[in-house]
Amino acid sequence: MAAAEAAGTIASTTTAAPRAASLNSLIRMSWWKVIVVFAALIGLWYLAAKHYADKGLPYLVPYPHDVFHAMFLDAGTRHDLLVSLWRSTEVALTGLALAIVIGVVWAVVMAQAKWVEQSLYPYAVILQCIPILALVPMIGALAGYEFKSRVIVTVMISLFPMVSNTLFGLQATDQGQRELFQLQGARAWTRLVKLQVPAALPNIFVGLRTAAGLSVVGAIVGDQFFQRGTPGLGVLIQVDASRLLGPELYAAILTASLLGVVVFLLFGLLGRLAIGRWYSFR
Amino acid sequence: MTVTVTAESAAPPTGVLLDFKNTEMTFPNGTVALRGVDLAVRRGEFVSVVGPSGCGKSTLLRIASGLETASDGVTTVNTDHIGYVFQDATLLPWRNVAKNVELLAELDGRTSRAVRAAKAAKAIELVGLKGFEKSLPRQLSGGMRMRVSLARSLTLDPELFLFDEPFGALDEITRERLNDELLRLFVEQGFAGLFITHSVSEAVYLSTKVVVMSGRPGNVVATFDVPFDMPRDPDIRFTPEFGELVGEVSHALREGHR
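Residue numbers (my numbering), protein chains in the order written: chain Z, 299 to 580; chain V, 9 to 266.
Derived by calculation from the structure, the hints in this document are not laboratory data.
Treat the hints loosely; a few may be bogus.
Computed spacing ranges between beta-carbons, pair by pair [said to hold, decoys possible]: (1) A126/V - V491/Z: 18 to 26 Å; (2) L564/Z - G198/V: 34 to 42 Å; (3) R476/Z - G62/V: 37 to 45 Å; (4) A122/V - V399/Z: 30 to 38 Å; (5) L433/Z - A126/V: 58 to 66 Å.
Dumping the calculated DSS-like pairs for lysine-lysine here, alpha-carbon to alpha-carbon at most 30 Å [stated by the list, open to error]: (6) K142/V - K130/V; (7) K331/Z - K412/Z; (8) K107/V - K492/Z; (9) K130/V - K492/Z; (10) K107/V - K130/V; (11) K138/V - K107/V; (12) K353/Z - K331/Z; (13) K142/V - K127/V; (14) K142/V - K492/Z; (15) K217/V - K29/V; (16) K107/V - K142/V; (17) K127/V - K107/V; (18) K127/V - K138/V; (19) K492/Z - K29/V; (20) K492/Z - K138/V.
Ideal Cβ positions, reconstructed from N, Cα and C, are used throughout, including at glycine.
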């Protein structure tokens, strides 16, 4: 009797590998629409490039094929790009890793009691509101003008979404589930590890995706503030701009954008792989 | 004013597992949910409580389970083997059926992993979900989720089982089927039950005793002993005696609501 009811429902639900389904939906996205827009943008780019070339300012908007050449075919530029890309990636991922750890710990501490949250949350908001530029001289003086300071800027930029999303997730735990743990006399730590953190994972991954995108912004911006040591894409962009190297500049900008997109997609995918089995991301 | 909640593992000879005496509940906002409720559940009894919405039926269960403390009266709980099934199955979506069923014993920390797994397997079989151990809650129907919730509490070997409108959100057919399963478990497992419901016929079908509560503040206005033998034949629902008793309870419910 039970089996009949059970079998009936199980057959009507799509149970076959939800993980594979979510990957497929990503692949099956109607790419042709994206490609049509892309072609239109390239067309507009050619028009703009022609306009500036005619005015005698070709370095302001170089032709797409020149940018393509600089990016992929010119060995020297390609080498510079790859080295800078790697350094920026290092800064972004180091900053992101720190932001994840600090953000999750901060949120977990705040989730313990209302008064802790009320004491600490305003600082998360303040951190978000500080114009980073205003802190540059201070960070530079304290931490130097190299890798360390670039990471600090990255952490500051990408921390807030981690804190706020994790906190929201930890606090949104279902009341009935909390009471279940309470009835069994579960300790706060057990509740945190076995209930709140797993329940918050969907929110944590949303925060992670946003923070990942911002970490690339932080790495590029940090580069432009702190140019000593082994600077990455941010410095390359500034140097190319100052030397009026149009195609090289555009290639660097495109590389930085691609890094941002790849990191964003990667962490989105990571979320799906980690919890897509039981949670459906929109 | 006396408020006591006692939990002892050995029940007194009378076999009273749960006893409310003059239980009152006033919430901090001034709402009086319960007034002078007297109600006992003994071994071998399955007591259903019916009453209008907001009459404090659920509050009664929350007091029994220890989630709330009554503002007055004496509440005695003579067992620490209490099972509970709520309106919502409250399963953890990231755990499969087997892991969900193991949860309560796991939180207790008193049973070893192997014993836990064996108990869970037995409970899953009891509720008819064998073969679905690896399924996730989102792959199950509402009725199946409730079965998992039942199985989860069965691992505690409950002497007293508290039900808060567990089948209220299910369709009629699933509900009747689960009523039959619950009766079977009651007979086989020998727990006593306190069952909150909106449905008079469900209350009469499942119970050895039906308690009718008035509207807010909740108060016991009538108690009916259900004379039908256990185990019950599902067809009993279509006999004149059954219909008559349902009518009497419904009548008392309407009177108490006035």
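Here's how the hints hold up against the structure:
1. For A126/V and V491/Z, the hinted distance range of 18 to 26 Å is satisfied, since their beta carbons lie about 24 Å from each other.
2. For L564/Z paired with G198/V, a C-beta distance near 56 Å fails the hint of 34 to 42 Å.
3. For R476/Z and G62/V, the hinted distance range of 37 to 45 Å is not satisfied, since their beta carbons lie about 23 Å from each other.
4. At roughly 36 Å, the beta-carbon separation of A122/V and V399/Z lies within the given 30 to 38 Å, and the hint holds.
5. In this structure, L433/Z and A126/V meet the distance hint of 58 to 66 Å, their C-beta atoms being roughly 60 Å apart.
6. For the proposed pair K142/V and K130/V, the alpha carbon gap of about 15 Å is at most 30 Å, so the pair holds.
7. Between K331/Z and K412/Z the CA atoms are separated by roughly 48 Å; this puts the pair beyond 30 Å, and the hint is violated.
8. About 12 Å separates the Cα atoms of K107/V and K492/Z, which keeps this hinted pair within 30 Å; it holds.
9. Using a Cα cut-off of 30 Å, the hinted pair K130/V and K492/Z holds, with the two alpha carbons roughly 23 Å apart.
10. Restraint check for K107/V and K130/V: the C-alpha separation of about 13 Å stays at or below 30 Å, so the hint holds.
11. Simply put, K138/V and K107/V have alpha-carbon atoms about 14 Å apart, close enough for the 30 Å limit, and the pair holds.
12. Annotation: proposed proximity of K353/Z to K331/Z is violated, straight-line Cα distance about 34 Å (limit 30 Å).
13. Of the supplied pair hints, the one linking K142/V and K127/V holds, its CA atoms being roughly 16 Å apart against a limit of 30 Å.
14. Restraint check: the Cα-Cα separation between K142/V and K492/Z comes to about 19 Å, which is no more than 30 Å; the hinted pair holds.
15. A hinted pair counts as satisfied when its Cα atoms are at most 30 Å apart, and K217/V with K29/V qualifies at roughly 18 Å.
16. A threshold of 30 Å between alpha carbons decides the hint, and for K107/V with K142/V the separation of about 9 Å falls inside it, so the pair holds.
17. A distance of roughly 11 Å separates the Cα atoms of K127/V and K107/V; the hinted pair therefore holds under the 30 Å criterion.
18. Among the hinted pairs, K127/V with K138/V is consistent with the structure: their alpha-carbon atoms are about 13 Å apart, no more than 30 Å.
19. For a cut-off of 30 Å, the pair hint linking K492/Z to K29/V is broken: about 37 Å separates their Cα positions.
20. With a C-alpha separation of about 25 Å, the suggested pair K492/Z and K138/V falls inside the 30 Å cut-off, and the hint holds.
Checked against the numbered hints given earlier, this structure breaks hints 2, 3, 7, 12 and 19; the rest are met.
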